[in-house]
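Novice: The chain contents come next:
There are 2 protein chains.
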Amino acid sequence: MSTVLESLAKLSISPKSVSHEATVDNKAWSDALAAADLGFDYKVTKCLILKPKTAKSATPTPVVVIALDSTETNVTALGKKLSLKECRFANEDLLKGTFGVAKDAVSPFALSNVSDLSLVHLVLDAALWALPGTTLLAFREGAADKTVFVTVDELKAYLKLIEKEEIEIDFSTLAAAAAKPAAGKPAGKAPKKEAAAPAEDSHQMGIEHKKDGDFSKWYQQVLLKSEMLDYYDVSGCYILRPLSYNIWKQITNFFDDAITEMGVEDTYFPMFVSNRVLEREKDHIEGFAPEVAWVTKAGSSDLEEPIAIRPTSETVMYPYFSKWIRSHRDLPFRINQWCSVVRWEFKNPQPFLRTREFLWQEGHTAHLTKGAAGEEVLQILDLYEKVYNDLLALPVVKGVKSEKEKFAGGLYTTTVEGFIPQTGRAIQGGTSHCLGQNFSKMFNITVEDPNAPANASEEAKKIHVWQNSWGISTRTIGVMVMVHGDDKGLVLPPRVALQQAVVIPCGLTVKTSKADEDKVFDGCKEIAARLKKVGVKSKADLRDNYTPGFKFNHWELRGVPLRIELGPKDLEKSQVTCVRRDTGAKFALPLDNLEKGVQEALDTIQREMFERAKAKMSDSIVPVDKWEDFVPTLNAKKLCLIPWCDRVECEEDIKDNSARTSNEGEEEDERAPSMGAKSLCKPFEQLTDKPIVPGETKCVACGQDAKHYMLFGRSY
Amino acid sequence: MSTVLESLAKLSISPKSVSHEATVDNKAWSDALAAADLGFDYKVTKCLILKPKTAKSATPTPVVVIALDSTETNVTALGKKLSLKECRFANEDLLKGTFGVAKDAVSPFALSNVSDLSLVHLVLDAALWALPGTTLLAFREGAADKTVFVTVDELKAYLKLIEKEEIEIDFSTLAAAAAKPAAGKPAGKAPKKEAAAPAEDSHQMGIEHKKDGDFSKWYQQVLLKSEMLDYYDVSGCYILRPLSYNIWKQITNFFDDAITEMGVEDTYFPMFVSNRVLEREKDHIEGFAPEVAWVTKAGSSDLEEPIAIRPTSETVMYPYFSKWIRSHRDLPFRINQWCSVVRWEFKNPQPFLRTREFLWQEGHTAHLTKGAAGEEVLQILDLYEKVYNDLLALPVVKGVKSEKEKFAGGLYTTTVEGFIPQTGRAIQGGTSHCLGQNFSKMFNITVEDPNAPANASEEAKKIHVWQNSWGISTRTIGVMVMVHGDDKGLVLPPRVALQQAVVIPCGLTVKTSKADEDKVFDGCKEIAARLKKVGVKSKADLRDNYTPGFKFNHWELRGVPLRIELGPKDLEKSQVTCVRRDTGAKFALPLDNLEKGVQEALDTIQREMFERAKAKMSDSIVPVDKWEDFVPTLNAKKLCLIPWCDRVECEEDIKDNSARTSNEGEEEDERAPSMGAKSLCKPFEQLTDKPIVPGETKCVACGQDAKHYMLFGRSY
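Going line by line, the protein sequences match chains A and B.
Following the numbering used here, the residues of the first sequence are numbered contiguously, the last one being 740.
Following the numbering used here, the residues of the second sequence are numbered contiguously, the last one being 740.
Calculated directly from the structure, the hints in this document are not laboratory data.
Careful: at least some of the hints might be erroneous.
Since the list gives no way to pick out one identical chain from another, each pair is judged satisfied if it fits inside one copy or across any two copies.
What the hints assert, rightly or not - Think about it this way: if two alpha-carbon atoms lie no more than 16 Å apart in a straight line, the pair counts; the simulated EDC-like pairs of lysine to aspartate or glutamate are:
| id | residue 1 | residue 2 |
| --- | --- | --- |
| 1 | Lys104 | Asp128 |
| 2 | Lys347 | Asp254 |
| 3 | Lys273 | Asp254 |
| 4 | Lys549 | Asp117 |
| 5 | Lys109 | Glu305 |
| 6 | Lys465 | Glu483 |
| 7 | Lys556 | Glu285 |
| 8 | Lys561 | Asp128 |
| 9 | Lys543 | Asp568 |
| 10 | Lys563 | Glu285 |
| 11 | Lys109 | Glu482 |
| 12 | Lys556 | Asp281 |
| 13 | Lys104 | Glu472 |
| 14 | Lys109 | Glu472 |
| 15 | Lys347 | Glu251 |
| 16 | Lys561 | Glu285 |
| 17 | Lys67 | Asp55 |
| 18 | Lys535 | Asp680 |
| 19 | Lys77 | Asp236 |
| 20 | Lys127 | Glu116 |
| 21 | Lys597 | Asp616 |
| 22 | Lys347 | Glu110 |
| 23 | Lys557 | Glu285 |
| 24 | Lys430 | Asp670 |
| 25 | Lys722 | Asp649 |
Bear in mind that the values here come from a model prediction, so they are computed numbers and not experimental data.
Could you put the whole structure together from the sequences, leaning on the hints where they help?
Specialist: Here it is, written out as structure tokens:
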């Protein structure tokens with residue numbers, strides 16, 4: 025906890041400070057200050073901490089109001105303005121717990137004590153803000169009997185220091201607006217063309233954090249404010265709202281069609297697994313055991329033995345493979361399921377990237393030969409690449425995982441690796457494993473070899489099938505948000521957008537005639553309908569209580585790829601004005617060419633989003649040929665492509681050395697930018713201009729003979 | 025446990041019986057019997073109990089072999105013949121546990137002690153079966169020192185009594201067949217046009233129970249043998265295999281498209297629920313609490329507080345409704361999720377109908393007015409009706425549930441009620457609830473009334489939204505199997521069939537030339553490809569190790585709607601021969617008209633399956649106008665449509681009286697055919713030829729004034 029003076033000391037401010045008798049309310053406080061006869065001018069302030077109503081279990085999102093004592097702060101009207109339900113004064117627990125202060129000692133400087141400022145709404149009285157910068161303001165100095173005097177400019181500097189953006193509120197107009205509806209309006213008719221009375225204030229609506237600033241808070245705000253996701257009262261679990269679930273639906277449709285065409289059949293296994301079954305493959309379960317959730321009770325009865333919730337389904341399904349696969353003619357045997365799995369991670373959860381329950385598909389297949397299995401591994405990996413490239417407009421690097429990073433219990437793992445430029449970290453985007461015969465031996469999944477000599481023994485004729493498993497999850501969505509989003513919010517690739525185009529009536533003023541206005545509104549409706557007819561997911565935003573500017577923000581935040589504006593001037597020219605979400609580029613489109621023009625624009629957006637992201641990823645993959653450059657490259661938020669010896673010990677050394685080098689004295693933290701680099705994959709596309717010369721090219725890390733190029737990087 | 029003599033006594037057989045020294049093996053036993061010098065002829069037998077390999081956790085499916093002692097019973101060859109993996113002699117546990125006998129006392133009469141005979145494979149030595157009916161057979165008499173003598177006919181009578189069908193095996197040819205492959209066949213070439221060597225014996229493959237016989241066993245066998253479903257080692261959970269999951273996929277696609285068009289958006293809430301949230305609505309949770317599964321551990325750590333797995337999502341979602349719905353402009357607010365829910369029932373589970381985890385969709389919506397909510401309730405109910413009628417070819421009765429049967433915590437419940445003719449029981453097929461304002465008051469989901477007078481108070485302007493919830497589950501699949509299936513297995517309506525048509529090469533004999541044979545095979549491939557091109561899900565079964573007859577059985581069992589046969593004679597006439605699965609009707613189709621003809625045939629099958637089922641259901645809804653006819657109508661496997669007073673007390677009386685009447689002295693059991701009738705619904709279509717006359721028509725059950733017609737029946 026820092027005191028008021030400590031907080032100010034950081035700004036090299038040593039403010040005036042006085043002691044007086046302890047005062048409980050502002051009236052008594054003003055009187056006490058007046059009685060002290062200080063000999064300089066000042067304005068008494070008030071600092072209110074309010075708690076809007078939220079779900080009982082949710083973390084409170086308090087509102088801090090800094091105002092002149094003389095300003096009438098209507099808490100109800102404020103709550104309405106901010107769209108916060110039932111704002112009430114915070115109780116002692118919240119004050120103590122969140123702000124570290126007592127009731128009569130609240131000042132703006134208590135914000136220094138708040139651990140997560142993104143949860144706080146900071147409201148500033150416009151009347152106070154408008155005062156000359158040198159005006160002295162009286163604040164409580166952390167106690168009921170002390171006052172500190174700080175200028176308006178110093179207060180502004182303090183707020184800048186803590187990086188908390190304020191919401192400026194004009195309480196006088198707020199009070200007037202609140203009083204207005206009672207002023208004899210015709211009932212039952214919504215006001216039109218008036219000053220917008222938005223349910224969300226555009227200030228509060230927008231993203232407060234910069235993508236290049238606090239990336240992690242930016243990410244969370246984008247997800248919450250775009251309404252992709254909401255927090256949930258079971259830690260590590262999140263609600264997928266329609267905007268994000270739709271992306272998963274698009275991925276599902278694309279991928280399910282593709283694997284159905286390949287002959288894979290969908291199935292559904294129970295989410296429950298008995299301990300016995302879960303533990304069948306030791307290497308495999310070792311990786312999952314610490315994260316398994318156990319059901320031990322039903323109703324008020326204890327179960328005879330605990331039952332697990334599937335963390336993945338290899339050991340769940342393979343006993344049945346043994347039963348169902350009776351002959352080589354049943355091969356390839358391929359099933360897939362769309363389901364959720366539970367991995368009760370104790371590390372910091374992160375929406376989409378690390379959650380305790382997530383949605384995925386898991387494919388499980390069996391083949392007669394290693395070759396057939398291997399072929400499918402790559403077919404599936406290509407489909408995963410398509411999901412990223414074609415749907416999410418994201419680049420990936422395809423390759424093979426190292427021995428250390430492969431799937432526990434499998435033979436080899438192929439992967440599509442994504443990349444988040446802001447953090448310089450790679451992220452495993454989807455994996456297609458060849459399990460070899462390890463599981464088929466464990467679960468006795470055999471067929472008779474159709475090619476065995478007739479006189480071979482029973483045992484010699486038996487073939488253990490070759491198995492694959494492959495999965496991709498809702499993690500995809502997180503990568504997409506991180507790569508494409510910007511300071512205005514979400515940017516959705518058209519192919520996964522719930523709304524691809526939004527039509528907004530513009531250019532209407534108080535002078536616009538009713539007839540002209542109707543023309544614009546009807547025009548918007550018609551445009552949306554025409555687009556819908558040709559398969560463009562579009563809607564007209566005809567809400568009459570929001571300004572166009574508000575609507576622009578609203579849909580930009582939500583990432584809608586194309587905004588179509590229609591105003592009286594557009595109508596005159598038989599055109600619409602289009603604005604791309606990804607670039608902000610504006611262009612006119614003749615109404616004659618609407619459908620084709622919009623479809624082309626969406627295609628262009630999709631393509632260019634991919635190209636931009638791809639260029640950024642390519643730029644970030646740096647061939648490194650000496651160890652001295654390795655850590656600096658990582659620190660420059662890049663990935664390192666190095667000639668590598670392909671040894672587990674070397675990989676472990678690289679991780680240790682790249683962590684230590686940049687990490688002197690700091691605490692070890694997987695999430696810190698200074699964590700060690702892991703191998704990401706041996707890219708299928710090896711460097712051709714500088715090929716590895718066997719026996720000559722050396723491993724950049726250890727100096728032994730290099731086998732191939734390997735991509736290393738910090739990763740999620 | 026019954027003794028051998030008790031078992032035989034039921035057949036009024038008092039067999040010869042002798043004591044001798046205890047003998048451990050058959051050789052010693054034969055010697056002991058010979059030494060006893062009995063003075064009559066007999067054949068010594070052996071009775072083997074084998075255990076095929078199954079998943080450790082699965083219930084064993086033992087094989088009982090009854091053979092002459094002189095027959096060489098090759099257990100490995102037998103296992104192969106029956107497609108059972110690794111048949112080994114059963115251990116003492118299995119003998120004691122399942123058959124109630126010790127190792128040296130096993131006889132066929134131990135079958136009387138088996139609680140679920142459907143799990144046992146009973147194999148009879150053809151050599152024994154072929155003996156004259158009066159031949160005496162020596163069996164162990166439940167102990168190592170006693171022998172009983174029973175004739176072949178008496179053994180046959182016994183097996184008939186216990187209703188266990190045997191599999192007759194000729195061990196001599198079995199042994200020969202097992203030896204065959206070594207007899208110098210060209211390696212690497214599969215035999216063609218030979219006697220089929222099926223992986224499944226056609227006897228074992230088929231359904232052993234009659235639909236009109238033991239319906240419950242028939243149902244289980246159809247599901248297992250058609251490969252719709254498999255049992256799982258967590259009780260009450262089942263594996264949905266592709267054949268059944270595909271039906272759910274078709275339902276999902278149809279229903280999701282329809283609600284998306286209505287403006288409903290898909291979403292996904294976590295499967296976990298905190299206790300706090302679960303318990304918010306008391307009436308509601310009371311119904312679910314005894315069945316809630318609780319997670320209390322993760323990895324090796326105990327959770328701070330137990331977390332439930334959702335049994336349904338009203339209380340999970342509605343706190344967020346309160347947060348998300350900010351204005352009347354957000355209404356209607358409609359979301360839906362496809363997920364699984366868990367209800368840990370302790371009653372007898374039944375595949376699809378009563379399972380601990382099941383798949384469903386749950387829609388949750390909020391509206392400004394009761395009228396708007398009510399309209400949606402019916403729109404959704406119409407979609408549920410369409411799922412049944414149009415996809416599953418099943419009739420339903422639409423109507424409103426009684427107060428007693430409505431959703432706990434809701435205002436009223438509408439339902440589509442299905443009907444299973446074999447049991448005469450109704451089944452709730454899908455429900456669309458209007459929740460009224462109960463939950464919105466509980467969770468404070470309010471908007472400002474857009475039509476309130478401007479001078480109304482804040483409180484008066486507040487409207488609690490009107491909510492609906494609606495769901496349909498994989499239960500649909502169970503109803504479909506029960507209604508359409510027959511003694512040959514599954515019968516699938518074309519619209520939900522994974523394969524709609526299967527093409528089978530026929531009429532090939534040893535005399536067929538290679539060229540002609542190739543023509544037939546190529547023709548089959550081409551037909552399947554042509555059909556696939558026009559969207560008919562078809563495949564050619566070109567397996568060369570099965571006879572056409574075997575394939576017919578195989579696909580009939582799996583319910584494929586249309587079989588297309590192609591033989592040399594068909595080719596000559598440029599036609600195919602089609603056989604409908606539902607009726608067995610056979611017809612020729614010119615190859616010229618293949619696509620159109622097949623599509624029409626599938627449409628006809630779909631339509632006629634529905635019409636037949638509808639006629640059956642209509643016939644089973646009997647208007648009953650006096651109480652004396654009520655129970656007899658139920659007992660005749662019908663539903664009763666009666667003028668009813670609409671009182672809860674009367675409904676309870678009806679249940680009691682209709683149970684007791686037919687149930688004298690028997691044990692109460694929900695599943696018994698004599699259980700009491702429940703109200704099913706007040707059908708939207710009321711009887712028009714005998715309309716209720718207010719004040720005049722009386723309730724059939726209690727004699728008070730009737731309000732409307734109500735459908736009553738025994739139900740699932």
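Novice: Now look at each hint and say whether the structure bears it out.
Specialist: Hints, verified against the model:
1. Within a single copy, Lys104 and Asp128 get their C-alpha atoms no closer than 26 Å, and across copies no closer than 85 Å, so neither meets the 16 Å cut-off.
2. For a Cα distance limit of 16 Å, the shortest separation of Lys347 from Asp254 across copies, 10 Å, qualifies, whereas the shortest one inside one copy, 43 Å, does not.
3. In the homo-oligomer, the alpha carbons of Lys273 and Asp254 never lie at most 16 Å apart, since the shortest distance is 18 Å inside one protomer and 28 Å across protomers.
4. For a Cα distance limit of 16 Å, the shortest separation of Lys549 from Asp117 qualifies neither inside one copy, at 51 Å, nor across copies, at 75 Å.
5. For the homomeric pair Lys109 and Glu305, neither the shortest alpha-carbon distance inside one copy (52 Å) nor that between copies (21 Å) is at most 16 Å.
6. In the homo-oligomer, the alpha carbons of Lys465 and Glu483 lie at most 16 Å apart inside one protomer (13 Å), although the nearest pairing across protomers, at 70 Å, exceeds that limit.
7. In the homo-oligomer, the alpha carbons of Lys556 and Glu285 lie at most 16 Å apart only across protomers (12 Å), although the nearest pairing inside one protomer, at 28 Å, exceeds that limit.
8. In this assembly of identical chains, Lys561 and Asp128 lie within 16 Å of each other by CA distance neither inside one copy nor across copies; the values are 54 Å within and 75 Å between.
9. When the C-alpha separation of Lys543 and Asp568 is checked against a cutoff of 16 Å, the pair qualifies only within one copy, where the shortest distance is 15 Å, while the shortest distance between copies is 71 Å.
10. Only between protomers do Lys563 and Glu285 lie at most 16 Å apart by alpha-carbon distance; the minimum there is 13 Å, versus 33 Å within a single protomer.
11. Proximity of Lys109 to Glu482 under the C-alpha cut-off of 16 Å is restricted to the inter-copy arrangement: shortest distance 13 Å between copies versus 74 Å within a copy.
12. In this assembly of identical chains, Lys556 and Asp281 lie within 16 Å of each other by CA distance solely across copies; the values are 15 Å between and 23 Å within a copy.
13. Taking the shortest Cα distances, Lys104 and Glu472 sit within 16 Å of each other only across copies (12 Å), while inside one copy they are farther apart (73 Å).
14. For the identical chains of this complex, Lys109 and Glu472 are inter-copy neighbours only, at 13 Å across copies versus 68 Å inside a copy, given an alpha-carbon limit of 16 Å.
15. Within a single copy, Lys347 and Glu251 get their C-alpha atoms only as close as 46 Å, which misses the 16 Å cut-off; across copies the closest is 12 Å, which meets it.
16. In this assembly of identical chains, Lys561 and Glu285 lie within 16 Å of each other by CA distance solely across copies; the values are 12 Å between and 26 Å within a copy.
17. When the C-alpha separation of Lys67 and Asp55 is checked against a cutoff of 16 Å, the pair qualifies only within one copy, where the shortest distance is 13 Å, while the shortest distance between copies is 118 Å.
18. With identical chains, the CA atoms of Lys535 and Asp680 are never at most 16 Å apart, being 70 Å at best within one copy and 75 Å at best between copies.
19. Taking CA atoms no more than 16 Å apart as the test, Lys77 paired with Asp236 passes in neither setting, with 32 Å inside one copy and 61 Å between copies.
20. With identical chains, the CA atoms of Lys127 and Glu116 are at most 16 Å apart within one copy only, with a shortest distance of 7 Å there and 76 Å across copies.
21. Taking the shortest alpha-carbon separations for Lys597 and Asp616, only the intra-copy value of 11 Å comes in at or below 16 Å, while the best inter-copy value is 56 Å.
22. Within a single copy, Lys347 and Glu110 get their C-alpha atoms only as close as 60 Å, which misses the 16 Å cut-off; across copies the closest is 11 Å, which meets it.
23. When the C-alpha separation of Lys557 and Glu285 is checked against a cutoff of 16 Å, the pair qualifies only between copies, where the shortest distance is 13 Å, while the shortest distance within a copy is 28 Å.
24. Only within a single protomer do Lys430 and Asp670 lie at most 16 Å apart by alpha-carbon distance; the minimum there is 13 Å, versus 66 Å between protomers.
25. With identical chains, the CA atoms of Lys722 and Asp649 are at most 16 Å apart within one copy only, with a shortest distance of 9 Å there and 96 Å across copies.
The structure fails to meet hints 1, 3, 4, 5, 8, 18, 19 from the earlier list, while all remaining hints are met.
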